[in-house]
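Assemble the complex: chain B is given as a structure, and chain S must be docked to it using the hints.
One letter stands for each residue in the lines below.
There are 2 protein chains.
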Amino acid sequence: MAPPLKIGIAGLGTVGAGVVRMLARRKDEIAARTGRAVEVVAVSARDPSRNRDCDLSGLRWFDDAVALAGDPEIDVFVELIGGHEGVAKAAVEVAIAAGHTVVTANKALLAHHGVTLASAAEAKGVGIRFEAAVAGGIPVIKTLREALLGNRIARVSGILNGTCNYILTRMRDEGLSFESCLDQAQKLGYAEADPTFDVDGFDTAHKLSLLAALAFGVQPDPDAIHVEGIRSITLADLEAADELGYRIKLLGVAARTESTVELRVHPTMVPKHWPIAQVSGVTNAVAIDGDAVALTLVGPGAGSDATASAVVGDICDLASGSSGTPFGWRAETLRPAGKAAIQRHEGGYYIRLAAVDRPGTAAAIARHMAEQNISLESIMQHRRGRPHGGDRAESAEDPAPVVLITYATNEDAVRRAIAAIEIDGVIALPPQVIRIEKD
Amino acid sequence: MAPPLKIGIAGLGTVGAGVVRMLARRKDEIAARTGRAVEVVAVSARDPSRNRDCDLSGLRWFDDAVALAGDPEIDVFVELIGGHEGVAKAAVEVAIAAGHTVVTANKALLAHHGVTLASAAEAKGVGIRFEAAVAGGIPVIKTLREALLGNRIARVSGILNGTCNYILTRMRDEGLSFESCLDQAQKLGYAEADPTFDVDGFDTAHKLSLLAALAFGVQPDPDAIHVEGIRSITLADLEAADELGYRIKLLGVAARTESTVELRVHPTMVPKHWPIAQVSGVTNAVAIDGDAVALTLVGPGAGSDATASAVVGDICDLASGSSGTPFGWRAETLRPAGKAAIQRHEGGYYIRLAAVDRPGTAAAIARHMAEQNISLESIMQHRRGRPHGGDRAESAEDPAPVVLITYATNEDAVRRAIAAIEIDGVIALPPQVIRIEKD
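Residue numbers (numbering that gives the first Met the number 0), protein chains in the order written: chain B, 0 to 438; chain S, 0 to 438.
This is chain B alone, in the form it adopts within the complex (with noise of 0.2 Å):
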C-alpha cells in the first residue's frame, strides 16, 4: 500500500473541525476503498485554546497558516480559511509553490484569482479542488468535470444561495414580506448581520463563475455577471407566479449563445414542474442540460457536515490518484467569459404594473408592448381590494396590479416598452421585471 496522503488544515470553524473529525470517523473505511491512508498531520488556526470537539492531539500546530502551507511533511494543503485576498490566498500560492494540491471551500478566492492560481497549479503539476465551493454537499464539480465529458453543454442553471431560497420559500408558504424573513434567516444563522453577499445575488455570481469555467471553458470572472438580487420581490410576484404556473427562484444562469456564454444571476420565474421549483428552504439544486442528458442534483449547499463532505471527496480522490486540471480544462485555454450584455438576453418575461385606475390604461399599454412586437402570452388584472392590497380603504386612486406575461422577446424591447407607458403615466410605481427560464 501506498504511504499516507498526509493533510495539513488552515481553519478550524465548524467546516474544518468537520473534516478533522469526519477524517478520524472514516479512517479505515477511506484507506480500504482508495487503497491509501489519510492523515492528518497539521492544522493552523487563530485561537489554538479554543474546544473545537475534534481530536487535535499528536497534530502539529501551526499559528501561521502560511508556514502550514509551506511546510514539506504535507501532501495536500485544504485552505477552509476564506476570503479572496490575505492570508488564503498566500496560504494557496505558498502551497501551490512548495508542490501541494490544494483543496479548498473558497468560492471567493477562486472566482477571483482561479485563471492565476490554475496556471501556477498546472505549471507545478499540482491539483486545485473545490467541489466545496459550489453547492456544498452537491457533487456538482464532480459530475461537471468527470461524468459529463460526452455531453456539450447548453445551460447550467442553479439554487446555489440557500439564504436566498429559504426566504423566498418562507414568503411563498407563509405569505410572509422579505424583510421579516430575511429577520428570521438571521436569527436562524441562515444569514450574516450584513445579508448583502447573499440576498443581491454576490454569493450565487461567485458560485456561478465556477461552474461556467467547468462546464464551457470560460475563465471564472464575477465582474462579467449581471446581478440582480432578491429584495424586489414581493408577495404580490409571488402569489402571482402561483396562479400562472412558476414559482421564483433566485437562479445563477450560465447559458450557452451563439456567440459566447450568457451568465446571469436574478430572480427568476421557473414552471412549477421543473424539479428545480420544487426546492425548498435552504436546499441548494442545480440543473444541467447537455445535449445528451439532462440532470437535476438536489442536497444541501452549506452546513459544516455537507461541505466537509465535500472536502472530504476530494481528499479521497487524491488519496485514489486522480487527478486533472483545476478546472477541467488548461488554464491557458480557459475563454475570457465577455461582459454580460443584459440588454440583449432573450426570453419570456413575467411584467407586474401597478396601473392607474382609469379609462385608456390598459390600452395603452398594450399599445406600448406591441410598438415593440412584444406579443403577451397573459394578462392578469387583479381587481382592487386583493389580499395583497392589505387592509387600506380602497379608493379611485389606488392602483390595480397587472400582470403581463410574455412570449419570447428581448430584454431592450421590454426595458423600452415600460419607459413608454411610465411616460405615459399610467402607472403608479415602479414595475416589476423577472425573467422566465424555460425548456
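Check each hint, because a few of them may be wrong.
Copies of the same chain look alike in the list, so a pair counts if it works inside one copy or between any two.
Using 30 Å as the maximum straight-line C-alpha spacing, the simulated DSSO-like pairs for lysine-lysine come out as follows [to be verified]: (1) LYS437 x LYS186; (2) LYS271 x LYS437; (3) LYS338 x LYS437; (4) LYS271 x LYS26; (5) LYS5 x LYS26; (6) LYS5 x LYS123; (7) LYS123 x LYS271; (8) LYS5 x LYS338; (9) LYS271 x LYS5; (10) LYS5 x LYS437; (11) LYS186 x LYS123; (12) LYS186 x LYS338; (13) LYS186 x LYS5.
It is worth saying that the hints were derived from the structure and are not from the lab. What you are looking at is a predicted structure, and each value in this text was computed from that prediction instead of being measured.
Relative to the frame of chain B, chain S by itself:
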C-alpha cells in the same frame, strides 16, 4: 501527451453506435480535458451490413466479440451486448484475462456475476466500470464510489425503471388502467413485448444490487432482494394516495439496519413533497441518505444518448488515469447481502380493504389491528358509488373501500391482522398493502 487510449466496442446497437458517434464528435475536447486521446480501433457486432449512422471506416471488424475482447491492440473493452450469460459473460472474462479494463452497461451480468468478475479484475489489476448499468445518464455510481466516501450511507432508494414510472405516472395523470398504460408504453418503445422484467421489478432489483454493493459493501445478489412489481396497483390506490398526500412509486430501497442491509423492490408510498415523488414519466431518480449529506439525483434512466453519455464518462475517467476497484471496495471484503426478510420490515403501511358494507365491519377491522398493536394514523372510508366504482349501479352487495394508514409497525403484524380480518369474512376482495417510505 500519453499515447491514445485504444477502445474496442462489442455491440453496435443504438447505444454502441451512440458511443462511437459521441467519441468522434467530442474527440478534441476529450483529448484536451483528459490529457489523452481516445480512439475507437475495433468493433464487433452480429450484422456488419446494417446501417448504423456512425462512421466505422478504418476500424477493425470482429465477427466474434470474444476475439475482440482478447485482442492485444486494445486497452479498454466496451461490452454492450447484454445478457448475463453467453457471449457477454465470455467476452468480459476474456477481456479481463487479457488485461483490458472493461466498461459495460450490463446490469444483469454484474448483478449475477459481479463478485467473480470483480475478483478476477482486481487480481489482474484492471478495472470494471459500469456507470451506464444503473439509472442511465445519472452519475450515481461515481457519486457513491467517489464523491460520498466521507459519508456513512444509511439508505439508497431510487426510481430505477422508467417503464414502471411511466405507467404509474400515466395511470395517475389520466385515470387509465395499468393494462392500457402498459400498452401505450409498448407502442412508444418504453416497454418490451414481454414486460415481465420491467413491471415485475426484476430490472430494478438488478440495479439495486449494484447500488447496494457500492453503498454498503455487500455482494451483488438479485436473489437476496424482496421483489414485488406494479401489476397490483389500481386507480383506487393512486387516488387514495393522492388524497393522503402521497405518490406511489416503484422504488428499489437498500437500507442499513442494525445487523444487515435490507434490500427490497416494491410499490412504495412516498410523501408528495419528496423530490423523488415529483419525478414523472420515464425519468429516473436516486435518493442517497448519508450521515453528512442527503442527495437526490434526477435524470434520464435509459435511451441511447443517456447510456452513451455514461459509457463515455467512464472511458474519459480511464483516459484521465482514474482507477479503483469495480465496486469501490475490494471484492474479497464484500459481505453477503443476506436474504431479505421482508416479514421483519418496519415502517408505516397503506392498507386498502374492500369492506363488506354491513354493521360491525369497521369495528372488526379496528379490533384486529389493535390486537397486533398497530396504531392507525388515518382511516378513510369511501362511500359506495365513488368515481372508481365506475358506472355500475350501486347495491348493498358492493364492497366499500376502507383505506388505513398505519403508524410504524412491522410486516408480520400487518400480515397477521389482515389474515384475521379475512377469516372474519368482512372483506370482499384481496387486500392491497403498500409500504410507506419516510424520512
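Hint-by-hint comparison with the structure:
Taking the shortest alpha-carbon separations for LYS437 and LYS186, only the inter-copy value of 29 Å comes in at or below 30 Å, while the best intra-copy value is 35 Å. Taking CA atoms no more than 30 Å apart as the test, LYS271 paired with LYS437 passes in both settings, with 11 Å inside one copy and 23 Å between copies. Proximity of LYS338 to LYS437 under the C-alpha cut-off of 30 Å is restricted to the intra-copy arrangement: shortest distance 23 Å within a copy versus 46 Å between copies. In this assembly of identical chains, the alpha carbons of LYS271 and LYS26 never lie at most 30 Å apart, being 43 Å within a copy and 38 Å across copies at closest.
For the homomeric pair LYS5 and LYS26, the shortest alpha-carbon distance inside one copy (13 Å) is at most 30 Å, but the shortest distance between copies (37 Å) is not. In this assembly of identical chains, the alpha carbons of LYS5 and LYS123 lie at most 30 Å apart whether taken from the same copy (19 Å) or from different copies (29 Å). Neither within a single protomer nor between protomers do LYS123 and LYS271 lie at most 30 Å apart by alpha-carbon distance, with minima of 48 Å and 51 Å respectively. In this homomeric assembly, LYS5 and LYS338 never come within 30 Å of each other (Cα to Cα): the closest approach is 41 Å inside a single copy and 41 Å across copies.
In this homomeric assembly, LYS271 and LYS5 never come within 30 Å of each other (Cα to Cα): the closest approach is 47 Å inside a single copy and 46 Å across copies. Proximity of LYS5 to LYS437 under the C-alpha cut-off of 30 Å is found in neither arrangement, the shortest distances being 47 Å within a copy and 40 Å between copies. In the homo-oligomer, the alpha carbons of LYS186 and LYS123 never lie at most 30 Å apart, since the shortest distance is 45 Å inside one protomer and 57 Å across protomers. In this assembly of identical chains, the alpha carbons of LYS186 and LYS338 never lie at most 30 Å apart, being 37 Å within a copy and 49 Å across copies at closest.
Proximity of LYS186 to LYS5 under the C-alpha cut-off of 30 Å is found in neither arrangement, the shortest distances being 39 Å within a copy and 58 Å between copies.
Hint violations for this structure: numbers 4, 7, 8, 9, 10, 11, 12, 13, all remaining hints satisfied.
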